[in-house]
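Hey, can you piece these two chains together into the complex? The hints should help.
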Amino acid sequence: KQEVTQIPAALSVPEGENLVLNCSFTDSAIYNLQWFRQDPGKGLTSLLLIQSSQREQTSGRLNASLDKSSGRSTLYIAASQPGDSATYLCAVSPVLNYGQNFVFGPGTRLSVLP
Amino acid sequence: EAGVAQSPRYKIIEKRQSVAFWCNPISGHATLYWYQQILGQGPKLLIQFQNNGVVDDSQLPKDRFSAERLKGVDSTLKIQPAKLEDSAVYLCASSLVGQADTQYFGPGTRLTVL
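Top to bottom, those sequences are chains F and H.
Per this note's numbering: the first sequence = residues 476 to 589.
Per this note's numbering: the second sequence = residues 62 to 175.
Pulled out of the complex, with its shape left as it was, chain H reads as follows (with noise of 0.2 Å):
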């Protein structure tokens, strides 16, 4: 079984810039998740997908990041402009049907903003 995909796997910007990143989850995984990792810390989810539908976003910075899910399958995640605290790991997760169910984690997009 295909494991989550993300590309790409690094990404150097300077800030103001945008920049965009793809994930492709496990297939026939209804649930999409986009984190955000700071060194040191633990994932910080931005935002949760129900198939092509938002189930929550409450942390993702809405005046500079957007995510899509276009049916219902991919989803990309953009930042723009970009800011030097963007600087992070951005994971993306799938799992089966949702919070009941175990997640299952891409490699991740390290992005450096400078």
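Okay, chain F solo, but in the shape it has when bound (with noise of 0.2 Å):
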């Protein structure tokens, strides 16, 4: 059964700061990964998303690897904002079947102090 982790949970960072986001999954068999942010009260908005055949994808400030047979992916986002705060969560999705579909980190919640 996939399982993923996200480290740390919680971070605070002035602003300007450079920061990476750690997600960790079990199981190396998957399709894709996406990085998601979350603003309290409000749905998911997807930031980026990288095959399995890729190793990483940027958008702006942000830039995210994936290391399929270490089974980690990092979010490293660039001078950093007090608008990037928000909780950033990962998905895995498995290789294409059914029976198991997306599975979600728990988040990490991110803090920019101005």
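Keep in mind that the hints were calculated from the coordinates and are not lab data.
Backbone N, C-alpha and C define an ideal beta-carbon position, used for all residues, glycine too.
Careful, some of the hints might be misleading.
[Claimed, not checked] Straight-line distance between alpha carbons at most 35 Å, and here's what the computed DSBU-like set of lysine-lysine pairs gives:
id, chain 1, residue 1, chain 2, residue 2
1, F, Lys543, H, Lys76
2, F, Lys517, H, Lys72
3, F, Lys476, H, Lys76
4, F, Lys476, H, Lys144
5, F, Lys476, H, Lys105
6, H, Lys123, H, Lys144
7, F, Lys517, H, Lys144
[What the hints assert, rightly or not] Label pairs and their in silico Cβ distance ranges:
id, chain 1, residue 1, chain 2, residue 2, range
8, H, Gly64, F, Lys476, 26 to 36 Å
9, F, Arg536, H, Thr137, 37 to 47 Å
10, H, Lys105, F, Val570, 17 to 27 Å
[As the list claims (entries may be wrong)] Some chain H residues judged to face chain F by a derived CB distance under 8 Å, without partners named:
id, residue
11, Pro69
12, Gly103
13, Gln164
14, Phe166
15, Pro168
Next comes the structure, spelled out in structure tokens:
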């Protein structure tokens, strides 16, 4: 059974710092991995999607990497801003089959202080 | 482009009562997901529809939860009877085709069972 963990559970940094969020998964047989952002009281917003054949994806100040063999992904946020404060979740999708679907991690709660 | 719509946004009921949630996905999206998110945890997939057929409902407590997606567009999720442990945010998401695509989430329905 796929399990996803995220470290740290919470993180507080001053504005302008670069930071890394970590995601680990137990079963390397994944189809893709997604990083999401969740603001309080709201749904999730997809940030980056990495296919299993890819090593990384970039969008603006965000860079996500994937090391499938070691069961790890990182989300790098450059030059953090107060508006980046949110909970960040990763989710893995298993190799295409029916019976098990997306598994989410518990999230990392990020606070960027002005 | 309109996003995923959900209603109601909040619901408070007493245990053993029934409740229903509604979701309208993004136009043209074939795949619809219902997730349960308990406070402090990542979302857990309850059921996935592809058009109006069920792809995965392995984690849906079928003795009390039911869901349908008539005509392959809107969907309703029902709980009958509700238990205290059903208190959570219920998120609906949709994607264009399925597992390979980005999921777009609605704002969620926060359910409190007293």
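Status of the hints after comparison with the structure:
1. Only pairs whose Cα atoms come within 35 Å are accepted, and lysine 543 of chain F paired with lysine 76 of chain H is rejected, the gap being roughly 43 Å.
2. The hinted pair formed by lysine 517 of chain F and lysine 72 of chain H meets the criterion: a straight-line CA distance of about 15 Å does not exceed 35 Å.
3. Pair hint lysine 476 of chain F plus lysine 76 of chain H holds up; C-alpha atoms about 31 Å apart against a cutoff of 35 Å.
4. Taking the CA atoms of lysine 476 of chain F and lysine 144 of chain H, the gap is about 26 Å. The hint holds against a cut of 35 Å.
5. Distance check on the hinted pair: lysine 476 of chain F and lysine 105 of chain H sit about 14 Å apart at the alpha-carbon level, within 35 Å; holds.
6. Between lysine 123 of chain H and lysine 144 of chain H the alpha-carbon distance is near 14 Å, which keeps this suggested pair within the 35 Å criterion.
7. This hinted pair checks out: lysine 517 of chain F and lysine 144 of chain H have alpha carbons roughly 24 Å apart, not beyond 35 Å.
8. Between glycine 64 of chain H and lysine 476 of chain F the Cβ separation comes to about 32 Å, which falls inside the hinted range of 26 to 36 Å.
9. Against the hinted window of 37 to 47 Å, the Cβ-Cβ separation of arginine 536 of chain F and threonine 137 of chain H comes to about 39 Å, which satisfies the hint.
10. In this structure, lysine 105 of chain H and valine 570 of chain F meet the distance hint of 17 to 27 Å, their C-beta atoms being roughly 20 Å apart.
11. Because the smallest distance between the Cβ of proline 69 of chain H and any Cβ of chain F comes to about 14 Å, over 8 Å, the interface hint for this residue is violated.
12. The closest approach between the C-beta of glycine 103 of chain H and any C-beta of chain F is roughly 3 Å, which is under the 8 Å cut-off, so the hint is satisfied.
13. Against a cut-off of 8 Å between C-beta atoms, the interface hint on glutamine 164 of chain H holds, since the closest Cβ of chain F lies about 6 Å away.
14. Checking phenylalanine 166 of chain H against chain F by beta carbon gives a least distance of about 4 Å; that is within 8 Å, so the hint holds.
15. Proximity of proline 168 of chain H to chain F holds as hinted, the smallest CB-CB distance being about 5 Å (cut-off 8 Å).
Taken one by one, the earlier hints fail for this structure at numbers 1 and 11, listed in ascending order.
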